[in-house]
Amino acid sequence: MSSGSGLYIPADTLAGLEKLAAVADALTANVIQLNEEMERILDGKADADTLVTILNQHAALYKPPEQAQ
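What the sequence shown shows, in our numbering, is residues 362 to 430, in sequence order.
The hints are simulated quantities; they were obtained by calculation from the structure and are not laboratory data.
Misleading hints may appear alongside valid ones.
Unchecked claim - Between beta-carbon pairs, the in silico distance windows are:
| id | residue 1 | residue 2 | range |
| --- | --- | --- | --- |
| 1 | Ala376 | Ala421 | 18 to 24 Å |
| 2 | Leu403 | Glu379 | 45 to 51 Å |
| 3 | Glu397 | Tyr369 | 38 to 44 Å |
| 4 | Thr374 | Tyr423 | 18 to 24 Å |
| 5 | Asp404 | Leu378 | 35 to 41 Å |
| 6 | Gly367 | Glu397 | 39 to 45 Å |
| 7 | Asn396 | Lys424 | 39 to 45 Å |
| 8 | Lys424 | Leu403 | 27 to 33 Å |
| 9 | Asp386 | Thr411 | 18 to 24 Å |
| 10 | Leu412 | Asp386 | 44 to 50 Å |
Every residue, glycine too, gets a C-beta built ideally from N, C-alpha and C.
Generate the whole structure from the sequences, applying the supplied hints.
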């Protein structure tokens, strides 16, 4: 156990939490990108092709690593 903090987090749990945080960051960035693109479409400055690409990227974030391509 680590002295000082009184809290022990196993290395594999910590690694899992770091991966989860990275996925959460990627999802957040992707949702922001989706929102911006939707606004551009509503303003008539973009078409749906880019939105479809972003949605496909977003969907890929939900796949397990062995299925993501």
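So, going through the hints one by one against the coordinates:
no.: 1; hint: Ala376 <-> Ala421: 18 to 24 Å; result: 22 Å, holds
no.: 2; hint: Leu403 <-> Glu379: 45 to 51 Å; result: 37 Å, violated
no.: 3; hint: Glu397 <-> Tyr369: 38 to 44 Å; result: 42 Å, holds
no.: 4; hint: Thr374 <-> Tyr423: 18 to 24 Å; result: 22 Å, holds
no.: 5; hint: Asp404 <-> Leu378: 35 to 41 Å; result: 39 Å, holds
no.: 6; hint: Gly367 <-> Glu397: 39 to 45 Å; result: 44 Å, holds
no.: 7; hint: Asn396 <-> Lys424: 39 to 45 Å; result: 22 Å, violated
no.: 8; hint: Lys424 <-> Leu403: 27 to 33 Å; result: 29 Å, holds
no.: 9; hint: Asp386 <-> Thr411: 18 to 24 Å; result: 22 Å, holds
no.: 10; hint: Leu412 <-> Asp386: 44 to 50 Å; result: 21 Å, violated
Comparing the model with each numbered hint stated earlier shows that hints 2, 7, 10 do not hold.
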